[in-house]
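Trainee: Single-letter residue listing:
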Amino acid sequence: MSNAKSKERPEGYPDRHYLNAAHGLKSWFLTTDHKRIGLLYLLAITLFFFLGGAFAVLIRLELATPGGDLVQPETYNRLFTMHGIVMIFFFLIPSIPAVLGNFLLPLMIGAKDVAFPRLNLASWYVYMAGGIFTLWALFEGGLNTGWTFYTPLSTVYSNTAVTTAGIGIFITGFSSILTGMNFIVTIHRMRAPGLTWFRLPLFVWSQYATSLIQILGTPVLAITVLLLALERTLKLGIFDPALGGDPVLFQHLFWFYSHPAVYIMILPAMGVISELIATFSRKRVFGYRFVAFASVAIAILGFLVWGHHLFVSGQSVYAGAVFSVLSMLVAIPSAVKVFNWTATLYKGAVSWETPMLYALGFIGLFTIGGLTGVMLATMGIDIHVHDTYFIVAHFHYIMVGGAIMGYLGGLHYWWPKIAGRLYPVFLSKFAAIIIFVGFNLTFFPQFILGYLGMPRRYHSYPDEFQVLNVMSSAGATILGIGYLIPMLYFAWSMFYGKRCTQNPWGAKGLEWETASPPPTLNFDEIPTVTEEPYDYTPKEVQHAG
Amino acid sequence: MQASSHHSSALAHHFDSFEQQRESASLGMWLFVAQEIMFFGGIFTAYLVYRVKNPEVFALASSELDLTLGGINTVVLILSSLTMALAVREAQLGRGKGVVSFLIATLVFGGIFLGIKSVEYSAKFEHHLVPGEHFHFAPSQEEMDHLWETKGFTPEHIDRRAEMFFSIYFAMTGLHAFHMIIGMVILLFFFRPAWRGRYNADYHNPIECFGLYWHFVDIVWIFLFPMLYLIGRA
Chain A
20 MSNAKSKERP EGYPDRHYLN AAHGLKSWFL TTDHKRIGLL YLLAITLFFF
70 LGGAFAVLIR LELATPGGDL VQPETYNRLF TMHGIVMIFF FLIPSIPAVL
120 GNFLLPLMIG AKDVAFPRLN LASWYVYMAG GIFTLWALFE GGLNTGWTFY
170 TPLSTVYSNT AVTTAGIGIF ITGFSSILTG MNFIVTIHRM RAPGLTWFRL
220 PLFVWSQYAT SLIQILGTPV LAITVLLLAL ERTLKLGIFD PALGGDPVLF
270 QHLFWFYSHP AVYIMILPAM GVISELIATF SRKRVFGYRF VAFASVAIAI
320 LGFLVWGHHL FVSGQSVYAG AVFSVLSMLV AIPSAVKVFN WTATLYKGAV
370 SWETPMLYAL GFIGLFTIGG LTGVMLATMG IDIHVHDTYF IVAHFHYIMV
420 GGAIMGYLGG LHYWWPKIAG RLYPVFLSKF AAIIIFVGFN LTFFPQFILG
470 YLGMPRRYHS YPDEFQVLNV MSSAGATILG IGYLIPMLYF AWSMFYGKRC
520 TQNPWGAKGL EWETASPPPT LNFDEIPTVT EEPYDYTPKE VQHAG
Chain B
925 MQASSHHSSA LAHHFDSFEQ QRESASLGMW LFVAQEIMFF GGIFTAYLVY
975 RVKNPEVFAL ASSELDLTLG GINTVVLILS SLTMALAVRE AQLGRGKGVV
1025 SFLIATLVFG GIFLGIKSVE YSAKFEHHLV PGEHFHFAPS QEEMDHLWET
1075 KGFTPEHIDR RAEMFFSIYF AMTGLHAFHM IIGMVILLFF FRPAWRGRYN
1125 ADYHNPIECF GLYWHFVDIV WIFLFPMLYL IGRA
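Chains A and B supply the protein sequences, listed in that same order.
Residues in the first sequence are numbered from 20 upward in steps of one, following my numbering.
Residues in the second sequence are numbered from 925 upward in steps of one, following my numbering.
Please keep in mind that the hints were generated in silico from the structure rather than gathered at the bench.
With a cut-off of at most 20 Å between alpha-carbon atoms, the simulated SDA-like pairs for lysine to any residue come out as follows:
1) A:Lys254 x B:Glu1050
2) A:Lys254 x B:Lys1048
3) A:Lys254 x B:His1100
4) B:Lys1041 x A:Leu253
Bear in mind that the values here come from a model prediction, so they are computed numbers and not experimental data.
Given only the sequences and the hints, what does the whole structure look like? Please build it.
Mentor: Written out as structure tokens, the structure reads:
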């Protein structure tokens, strides 16, 4: 059983909290407690992350040699398709909102729960139902259309499990919509007395912006995938060129959601980074209102840039020029955030705790991902590197280097709040560093590969690309180990970690003003807020631990 | 703790007041309607694109739809929205029996709509106007000749574009009908609490939210009817 250390209770450690408030499977699977639902999501998305990661392992193994040694080209098509679908729809999109957002939002605004607790639980079941369809598609042999489902490949030519996977994505989309609805209503109606909009933590602002995209973008994907499924099953030819249907219309509708979906992944991560930078610099975030409005600006601008995915798809050059300019505009609020985080660090009392390592890693990697995004928004460069590994590297810097670093940083930061326990400090810093190294080794060579002209989505390549591909595969191995380590020590810490005090980082924010782990109803007494967020005046600095 | 015994179980534990609960439900429902608008927006966009691309054939194919039945259905649906609004009003006044009668009326109007819709659908089956292998669109020879002379459209071209019109027709009206069926199923769950008098001035948000949904589905039809039945009709 557990050793003596894990039994020790620091002063003020609660006897009763949400984790031991009730026992048994039923108390978890029928819970309406947002914190428990957050943990249900954590478990589920970790499983899908593992699955998506397994596909990535096979992809990188195949690409370690120039020839198609490991899998058939058709199998390879299915591998990258399933990797994309699982990672995007079942891991990245729900990751921060459904796990950290669910857990933290009511705590951060001083509420007992989200506005619709039962709907919150329903969203988890909807997510799982969609997940089961997607797994079913996998057992049917997977699908080979790429995660983008482009017609007419997906409607006319592919005889793989497109419909099943489409149904899975359709269903899971509604879980995202329900979460977004819940958060917006919660932020509007459930704030504690005195918690005005400009006293909200920036994480809450970013969740608000994300929720807007989830509500307004996801249904467009839903109808698009539904029409695709109807075309496959009932022969309604909405995108069928034989009936005068337009496959480019499919691309417009698809990217109308799927570009903003990138902001569903990155905005919450930006929110996490704002919290981490403030806490570990002991300073108020520089230009708080700019950072807050930048989130909303990204959400709105994000809806106006989808056409940059169609530069080579038969979209008019004039439309392309407009989308090009609009896409570059997104760089402005993004840069506002990066500059303001940097300014927050300036003359701050910076400490190098594990979450801070992820935050600093995020800033660097996101900057590379973002700047290559501006390059790709120019039509000339985009057409040159279109469908090459340059694109693959670019969006992995945003999604993995950005979103996953933010997610892991947040998980490390709020873990003492979630579990009421600590994780091994040295091991966690070690993992953070090898994730950073492994990530760059995996994806930086892909920028060069793409620039040299290696196309994406092929299972073989000319010999001269092998050195860079081997580097990439080696990096992926390191990255994979880097991801396994936190999975293991978090699982260990949940049961055997050293119990922590209420506020081990000495951080500001309502979530730290209640016990760790919090009681089921979050606060013994609903707090009244009287101060600005991140009010780290020197006399109030508490030392960690 | 405050006054929870007095207020009965209608106030959920995480809300402080009925006002907060009602406003939350109402905002949530409006957000749901917003996502519904975006959902239908996708297919409305498809309609718009193809309508602009094929105005002549779409107008011709549109003439195959039954204006009388479509018109009657529009009136029926507007009446159902009226009875729904009255049911919400009765709920706010705490008159359970009134709620039940208006809900029955709403259900009946919804049923009439779906009945008429199925008559229309089966006519399309008989006339080979359902997309798929058996689709065959046969306008008058005069129309065909006219389109050939003015636009250079072959009978094959006209047939394919008409199939597109009916693809969109079935997708749009089918989705709309599906929303109505869902609505009518949900509606059944209001009978019991309404009969037992659970709704009053403080607590009526479930039925009010459902009313919003019903009106939304109604409004979708208000757009579908002119778009599919009326515009450019010969």
